[in-house]
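Here the sequence shown stands for residues 1 to 588, where the numbers follow our numbering.
Hints listed in this document are in silico derivations from the structure and should not be mistaken for laboratory results.
Beta carbons: idealized from backbone N, C-alpha and C, even for Gly.
Take the hints with a grain of salt, since some may be wrong.
With a straight-line cut-off of 25 Å between C-alpha atoms, the simulated PhoX-like cross-links for lysine-lysine are [to be verified]: (1) K110 with K160; (2) K353 with K110; (3) K554 with K520.
Beta-carbon label-pair distances, calculated as ranges [claimed, not checked]: (4) E588 with A257: 48 to 54 Å; (5) D29 with V553: 32 to 38 Å; (6) A521 with D37: 42 to 48 Å; (7) R518 with S22: 44 to 50 Å.
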Amino acid sequence: MSDTGVRQRLAAILAADAAGYSRLMAADDRATVTALDAARTVFQRCIESSRGRVIDMAGDSVLALFETATGAVDAALEIQRTLGLDAARAPEDRRLRFRIGVHLGDVLEKPDGTIYGDGVNIAARLQTLPEAGGIALSAAMKDAVCGRVAAVFVDQGERKVKNLPNPVRWYRADVPGSVEGISVSHTRTAEQLSALPSLALLPFRAAGPDVEQASLADGVRIDLQQALVKMSGLILIAVGTTNAYRNRDVSPQQAAAEMGVRYLVEGFVQKAGDRARITVSLIDGQSGQAIWSEKYDRALDDTFEVQDAITERIVTELDVKLLSGEPARVWRKTLKHPRAREAWYRGMHEFMKGQPEANALARGCFEQVAKLAPQSSLGPTMTALTLWWEAFRGWTPTPQQSIERAAEWAGRAITMTDADGQAHTVMGHIHLYRREHDKALELAEQAVAIRPSCTHANGHLANILYYCGRPADAADRLKQAMRVSPIHPPWYNALLAASYKEMRLWREAGAACQEALRKKADDLDALLVRIEVNRASGDAAAARAIAGEVLGVKPDFSVSTWAGTQPYRDRGMLERISLALREAGLPE
């Protein structure tokens, strides 16, 4: 500390400014001030949630300081996603958009919290470089966060900027799969694919047709998937999508292109007595060539050590940064008991079939894992998941009993040191079912923190966000979930439609409804949203026709019974939706 109380330190700085602010004020000053106030609220929320501090919000500009580089970039990405959705509601010539610059550099900080110095100046100049709605990063900031945030960085070269003696190299930050925070596309350029590692684990082949060989092959792949899904900076395609390639004879290039990934992992598993031979290859999806291929010949007692070795090799090859930087957060504890390990593999093999009888068989296996390996969260977690699935999918005549049992198993799992986040997702939805919204949101966010690349964790967090009255955040999470699972269930699209509907993005809501109904023509949730979409467009006749379709799908449908199953935090929101359904002709 100097005599004046000013200290110099390294910090992450965010500077932002509204594009075309003077023009907007001249056209409609009252509406522009209202939009600016709303934008300031978004900046404040996103900055504080990323451990940042607002330094100044003078006029149409924003200056903020962050403790971490990733916090600054995460905040910038979230701000632009949210503001992009807000701006889309206004006519093109009335949209309030911001440019954001983010830099990692030295600042001088006074006791009152104000900051000065080159770091601030560079951030301020960076924000002038991108297009409206864009984000510019300095080279120092890009190097600090590359592979650690959900964005790709496109080199824009050096630019001479006002009042700085040397040119500044800057990078444009793009969010994969989004255009102004609204549209979703699974098509990515080669440049984007090379900037952010994206990976799919294809179904591992087994040496023979027997269940024991197939269970081992599925178990090895799923455990590897469970380790990789806990890493940030990696787009990992969900198992539900990759399972579609189990019996398809396609080239690596075709599979990679269809899933929108750069890398594939292939495997072959052979069991002989108490030994397993596992061959794994990492494939470049563009060239179809193997980057590396290794064979592991081990005793089954140390099978999980093989997964750890494979995972570590993939991490090394792709230079993926771990979420916390601690390998202990990723590597699974070994199931030492051979019968526990066999039960785990058999359980996963049955669980992935997605059928009622197989789900019941899987639960029996996972309960055995919990008994034989009480120190591991694997058994309780998967037991809870099978119970939740049977209640959620209507596979049991006693759903309430299944939910209560799922809560017991999930509560047990989330207290264990190796909890992998899946039990948090289950327990979060049980809290939502009980209308305990804050607890539900807390657990769902913890699940995503543990499993940032998990489609189910992101999708189910989106569901809770929607019912908590945060449709824009729900839509954002859903798009992330869809990116890692191009083959996803219709309820993702139906929930996206509902989120867009609550944001008054009627065109996008209608398109999402159409996609949900394409996948499942009798999707009740999508039909109900479609009623509101048609009413909003003034087509009451179409809304009444869709109400007739609802009764065709579910003849005993009643608005009051349906409303009783909907855990909305805001009762007014539920009452508004219920009124629209009644006015379309659905019975009370």
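Evaluation of the provided hints:
1. K110 with K160: Violated, at about 29 Å.
2. K353 with K110: violated (61 Å)
3. K554 with K520: holds (14 Å)
4. E588 with A257: 48 to 54 Å: 51 Å Cβ-Cβ, so the 48 to 54 Å window holds.
5. D29 with V553: 32 to 38 Å: violated (50 Å)
6. A521 with D37: 42 to 48 Å: holds (44 Å)
7. R518 with S22: 44 to 50 Å: holds (46 Å)
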